[in-house]
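Undergrad: Below are the chains, spelled out letter by letter.
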Amino acid sequence: MSDGTPPNASKHLRRLGDPTAREYQRRLAATGRPAATRCATCGALHFPPLARCPECGTETEWLVLPARGSLHAFTTQETALRFRAPTVLALAEIGGVVIPGIVEEAISELRIDEQVEIEVRPEPETGMLILVFIPL
Amino acid sequence: MGAFGPERLQRAVVVGFGAPPVGRYPGSSPTDLALDALADALATGSLRPADLEGVFTVPEGYARTQPPIRPQRIAERLGIPTRSLAEVECGGASALLALKAACQEIELGRLEVAAVLAAQVERTLLDDGADAGALDRIVELNAMYGPYLAPLGVVAALPCYALAAQRYMYDHGLESEVIAELPVLLRANARANPRAELRDPISVADVLGSRVVSPPIHKLEAAPWSDGAAALVVCSAEFARRRGLDGAALTGWGERHDDANFIPLGKDLTRYPWIGAATDEALSNAGRTRDNLDVLEVYGAFAHAELMTYEAMGLFEPGRAAASVIAGDTATDGALPINPSGGRLSLGHPPQATPLLMVGEILEQLRGECEERQVANAEIGLVQAEHGMMNGATVAILERVS
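Protein chains in written order, with this note's numbering: chain A, 2 to 137; chain B, 25 to 426.
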């Protein structure tokens, strides 16, 4: 699918994202760690991130999440863009929220609740940043 | 004034249903297929197009590869001036919400008779293999998987349901053999439904021997992506009386939408409390309890999701739905018959038309027209439809009137 042109993440973010999603991508790039938002007033944690707390209405603050978590669930995709089987699509529990990402190990090697390290990596075709869960 | 409360002026009654068999309609347009369904729906109530005062439609499907079913175009094709037109969109629940819109107009006294139409004709898109461009367009058009899942290549609902299915089986210690009993029962129900796409009997071994499309979901635990169309005619109770029409009155409505765009990220993927809240609201409106229900049509694009929905509706304890299916509780002669049509897995699943097919099945059950798959003495029915990954729930209670 790649025709040699360099990835242009901003084009894909404009199509798919909103200002908060774009800021999420900038945070991933700046810190190399997953991110979520937290309400400074009531302490509620949000993923997907929110610009304002739905309860308090106040602006949220960004939180850098730990680089470790645990596998919540995982599967493979038969029909997908870029990440078909054998790449594993997974959810990981990271610092109190559940976030999607991929795993590169074979699905038969993985266990639910297994500890993983989280790496932020650009997806080669779009340049968008994704999370890669690496079993410890 | 509340359309569904005691102040309503009229009760809305579904009196007509038409739908061609679910399956494949390459070369058909959604509008033509929906109009054919409407002609059948009008015929079942001995009504004429000119009786219709309103037309309610849903957009034409997932990939938007076909010209849309516009209500004004339908009115033009029928040659009828109308008092109310609307196109209603909210994912998989769209058609049930279009029915709600029609019923509200009737209950508020603005209309006496309305048609609700939906169709989906996109099977060939998948059969021919969508190219990357088509898939990109699907992602964009639906904005369905959003900025957190789309970068991971997610373009279908299946892998999201698979994540929830895996966690459900893990949390409750459910084996594949147990889950596989549901598709077997639904297929047995579909055998007696001439509208069903898949009617050849299957066994647990067949289910487990079918391809794993997204672990742990097997091909036979997934609804086929079908072409299909359906139409309903709904009228005021007063009009039904005047014309001597039997029907299914909408006596209760419940609706809840979780805040998630699609997959309820960050929540327990095996519990869907909003589905229970919508069920409670609908039953409460109707002054009924779960024990009063004679026949149900429940969503379930995948076997695991269907079982989780039964539990979320409060019909069975968490983790216990499959055991009840195996015990025969949900069979057409069981204590709580669910999906006598064959359900999404065997009736087939043209998502845009699915909720109307569900209401149509309940209408025919309440009228006693279902022959071999007839639930005995069915008087009170329930339809539940979802959008997203079970993150929106709409529930209608329908009761026999004659």
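These aren't lab readings, by the way, just hints derived from the structure by calculation. Please read these numbers as outputs of a predicted model, since none were measured by experiment. Hints are not guaranteed to be accurate.
Stated by the list, open to error - Below, in silico cross-link-like pairs of lysine to aspartate or glutamate (DMTMM-like), each with a Cα-Cα straight-line distance of 25 Å or less:
#: 1; chain 1: B; residue 1: Lys-243; chain 2: A; residue 2: Glu-126
#: 2; chain 1: B; residue 1: Lys-291; chain 2: A; residue 2: Glu-126
#: 3; chain 1: B; residue 1: Lys-291; chain 2: A; residue 2: Glu-24
#: 4; chain 1: B; residue 1: Lys-291; chain 2: A; residue 2: Asp-114
#: 5; chain 1: B; residue 1: Lys-243; chain 2: A; residue 2: Glu-110
Undergrad: A separate judgement is required for each hint: does it hold in the structure or not?
TA: Against the structure, the hints:
1. B:Lys-243 x A:Glu-126: 30 Å, violated
2. B:Lys-291 x A:Glu-126: Violated, because 30 Å separates the two Cα atoms, which is more than 25 Å.
3. B:Lys-291 x A:Glu-24: 23 Å, holds
4. B:Lys-291 x A:Asp-114: OK: Lys-291 (chain B) and Asp-114 (chain A) at ~15 Å, within 25 Å.
5. B:Lys-243 x A:Glu-110: 23 Å, holds
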